[in-house]
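**Q** Read in numbering that gives the first Met the number 0, the sequence shown has 11 at position 12, and its numbers run on one by one without any break.
If you are wondering where the hints come from, they were derived from the structure by calculation, not from laboratory data.
Being a predicted model, the structure only gives us computed values, none of them experimental.
Take these hints with a grain of salt, some might be off.
Said to hold, decoys possible - Listed next, the in silico DSS-like pairs over lysine-lysine satisfying Cα-Cα at most 25 Å (straight line):
hint : residue 1 : residue 2
1    : 8         : 21
2    : 74        : 8
3    : 51        : 9
4    : 74        : 51
5    : 51        : 8
6    : 9         : 74
7    : 21        : 9
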Amino acid sequence: MSDIAERVKKIVVQHLGVEAEKVTENASFIDDLGADSLDTVELVMAFEEEFKCEIPDDAAEHILTVGNAIEFLEKHAGSGEAGKGAGAA
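All chains, full assembly: derive it from the sequences and hints.
**A** Following this line, the structure appears as structure tokens:
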């Protein structure tokens, strides 16, 4: 498991209060992990804070599973495309 995947999983466990074993790449935040719409917004905000990036609203709408979050962050965290604050020290 990549560092990004481990960090995403930790955030999901902390914010949703679910068991780590339930947080798989195929797990849907809403259907499998019991998140509501507010939870999903809070998760996106937590991902932005953890990875020092901004996730555009149109991209956030497509982050429905743990795997979607990992995939997006692996591609965009630290790039100008994902966030303006990425890489700033």
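**Q** Starting from the hint list further up, note which numbers the structure goes against and sort them upward.
**A** No hint contradicted; all consistent.
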